[in-house]
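Could you build the full structure based on these sequences and the hints that come with them?
Given next are the chains, with one letter for each unit.
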Amino acid sequence: MSQPSPGLDDRATSGTPRWVKVFGIIALVVVVLLIILQLTGVAGDHSPGRHNLSSSHMSTVGITRFGQQTP
Amino acid sequence: MTLSPHLRKLALTVHVATSVGWLGAVAGFLAIGVVGLTHHDAQTVRGVYLVMEQAAWFILVPLACASLLTGFVQALGTPWGLFQHYWVLFKLLINVLSTIVLLAYMDTFRFMAAVAADPRVDLSDVRNASPVLHAGFAILSLLVATVLSVYKPRGLTPYGQRRQYARRARRA
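If you read the sequences in order, they're chains A and B. Residue numbers 1 to 71, in the working numbering, belong to the letters of the first sequence in order. Residue numbers 72 to 243, in the working numbering, belong to the letters of the second sequence in order.
Honestly, the hints are just simulated from the structure, not real lab data. Ideal placement from N, C-alpha and C gives every residue a C-beta, glycine not left out. Hints are supplied without guarantee of correctness; some may be wrong.
[As the list claims (entries may be wrong)] In silico SDA-like pairs for lysine to any residue, Cα to Cα no more than 25 Å straight-line: (1) K21/A to Y236/B; (2) K21/A to F161/B; (3) K21/A to F154/B; (4) K21/A to L160/B; (5) K80/B to I130/B; (6) K21/A to P224/B; (7) K21/A to S212/B; (8) K223/B to F23/A; (9) K21/A to V215/B; (10) K80/B to L94/B; (11) K223/B to A27/A; (12) K223/B to V30/A; (13) K21/A to L214/B; (14) K21/A to F208/B; (15) K21/A to L211/B; (16) K21/A to R234/B; (17) K80/B to L139/B; (18) K223/B to T16/A; (19) K21/A to K223/B; (20) K21/A to Q232/B; (21) K21/A to L153/B; (22) K21/A to L164/B; (23) K223/B to V144/B; (24) K21/A to T228/B.
[To be verified] Non-contacting residues of chain B with respect to chain A, defined by C-beta distances greater than 12 Å in every case (computed): (25) D112; (26) I130; (27) V132.
[Said to hold, decoys possible] FRET-style restraints, in silico, Cβ to Cβ: (28) Q114/B to V32/A: 38 to 44 Å; (29) R18/A to V167/B: 21 to 27 Å; (30) R191/B to V22/A: 46 to 52 Å.
Rendered as structure tokens:
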């Protein structure tokens with residue numbers, strides 16, 4: 001970003017470059033995969049502690065979902 | 072608004088330092104995340120998740136915010152602009168999304184630290200693959216941003232093309 005180059009503008013032709021399309025497709029695939037993982041429950045509920053203890057276990061050891069100790 | 076060459080160089084230095092520093096810090100998190108998953112010593116494993124929360128607040132969050140802010144300065148203070156070139160736009164999206172995910176993840180850091188601090192929680196429940204997965208994904212994203220910064224692949228957005236035509240029309 002530090003070297004503004006007017007020559008670069010001249011090289012940039014109209015239309016969407018191929019690398020942008022490839023990036024867009026990859027980004028779309030990643031987003032769709034994340035949504036599928038979320039919907040199928042593979043990724044959990046994506047809230048704090050989702051990769052960890054079950055709620056019953058947390059209450060057993062006196063920990064709430066947001067990390068506060070219960071008496 | 073265009074920065075003077077001296078200011079531009081200073082802003083670039085800060086942007087590169089914070090952005091690459093962020094990437095390095097995430098790599099450090101990946102390393103200690105692996106230690107948390109694999110180490111046999113209970114104190115070490117608990118220590119990993121306790122230190123992660125503090126380290127994230129003191130290192131990751133400031134570097135992420137600084138990288139984002141200095142990126143804005145670089146884009147708006149030079150003729151590159153923020154929305155004119157695809158590579159700048161992609162970097163902006165990566166930076167903004169990574170910062171949002173990091174800030175949202177701070178609750179998880181807090182939760183993991185609380186679990187690790189409780190001696191009644193079994194060590195197998197303290198271990199958590201989440202930081203490794205998130206750090207791995209973050210490293211990939213930040214590496215893409217770094218590559219874009221270095222290679223600056225050509226390509227004007229429709230907005231950038233309109234700006235370019237307008238500039239040429241003014242010159243003609």
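Structure-based check of all given hints:
1. With a C-alpha separation of about 23 Å, the suggested pairing of K21/A with Y236/B holds against the 25 Å cut-off.
2. With a C-alpha separation of about 12 Å, the suggested pair K21/A and F161/B falls inside the 25 Å cut-off, and the hint holds.
3. Only pairs whose Cα atoms come within 25 Å are accepted, and K21/A paired with F154/B is accepted, the gap being roughly 17 Å.
4. For a cut-off of 25 Å, the pair hint linking K21/A to L160/B stands: about 14 Å separates their Cα positions.
5. Our distance criterion of 25 Å between C-alpha atoms is met by K80/B and I130/B, whose separation comes to about 24 Å.
6. Of the supplied pair hints, the one linking K21/A and P224/B holds, its CA atoms being roughly 13 Å apart against a limit of 25 Å.
7. The suggested pairing of K21/A with S212/B holds, with an alpha-carbon distance near 17 Å, which does not exceed 25 Å.
8. For the hint linking K223/B to F23/A, the alpha-carbon distance of about 14 Å falls within 25 Å, and the restraint holds.
9. With a CA separation close to 15 Å, the supplied pair K21/A and V215/B stays within the 25 Å bound.
10. Using a Cα cut-off of 25 Å, the hinted pair K80/B and L94/B holds, with the two alpha carbons roughly 21 Å apart.
11. Using a Cα cut-off of 25 Å, the hinted pair K223/B and A27/A holds, with the two alpha carbons roughly 19 Å apart.
12. With a CA separation close to 23 Å, the supplied pair K223/B and V30/A stays within the 25 Å bound.
13. Of the pairs offered as hints, the one joining K21/A and L214/B holds, with about 19 Å between alpha carbons and a cut-off of 25 Å not exceeded.
14. A hinted pair counts as satisfied when its Cα atoms are at most 25 Å apart, and K21/A with F208/B qualifies at roughly 21 Å.
15. A hinted pair counts as satisfied when its Cα atoms are at most 25 Å apart, and K21/A with L211/B qualifies at roughly 19 Å.
16. About 22 Å separates the Cα atoms of K21/A and R234/B, which keeps this hinted pair within 25 Å; it holds.
17. Annotation: proposed proximity of K80/B to L139/B holds, straight-line Cα distance about 17 Å (limit 25 Å).
18. At most 25 Å may separate the alpha-carbon atoms for a hinted pair to count; K223/B and T16/A meet this at roughly 15 Å.
19. Taken as a hint, the K21/A and K223/B pair is honoured in the structure, with Cα atoms around 16 Å apart against an allowance of 25 Å.
20. The suggested pairing of K21/A with Q232/B holds, with an alpha-carbon distance near 17 Å, which does not exceed 25 Å.
21. Of the pairs offered as hints, the one joining K21/A and L153/B holds, with about 19 Å between alpha carbons and a cut-off of 25 Å not exceeded.
22. About 15 Å separates the Cα atoms of K21/A and L164/B, which keeps this hinted pair within 25 Å; it holds.
23. The suggested pairing of K223/B with V144/B holds, with an alpha-carbon distance near 17 Å, which does not exceed 25 Å.
24. At most 25 Å may separate the alpha-carbon atoms for a hinted pair to count; K21/A and T228/B meet this at roughly 12 Å.
25. With a minimum CB-CB distance of about 20 Å to chain A, D112/B clears the 12 Å threshold, and the non-interface call stands.
26. With 12 Å as the threshold on Cβ separation, the claim that I130/B sits away from chain A holds: the shortest Cβ distance comes to roughly 20 Å.
27. Under the 12 Å C-beta cut-off, the non-interface status given to V132/B relative to chain A holds; the minimum distance is some 16 Å.
28. Checked against the hint of 38 to 44 Å, the C-beta distance between Q114/B and V32/A comes to roughly 42 Å, which is consistent with it.
29. About 25 Å separates the C-beta atoms of R18/A and V167/B, a value consistent with the hinted range of 21 to 27 Å.
30. A hinted range of 46 to 52 Å holds for the C-beta pair R191/B and V22/A, which are about 50 Å apart.
Figure legend: structure checked against the earlier numbered hints; every hint is met.
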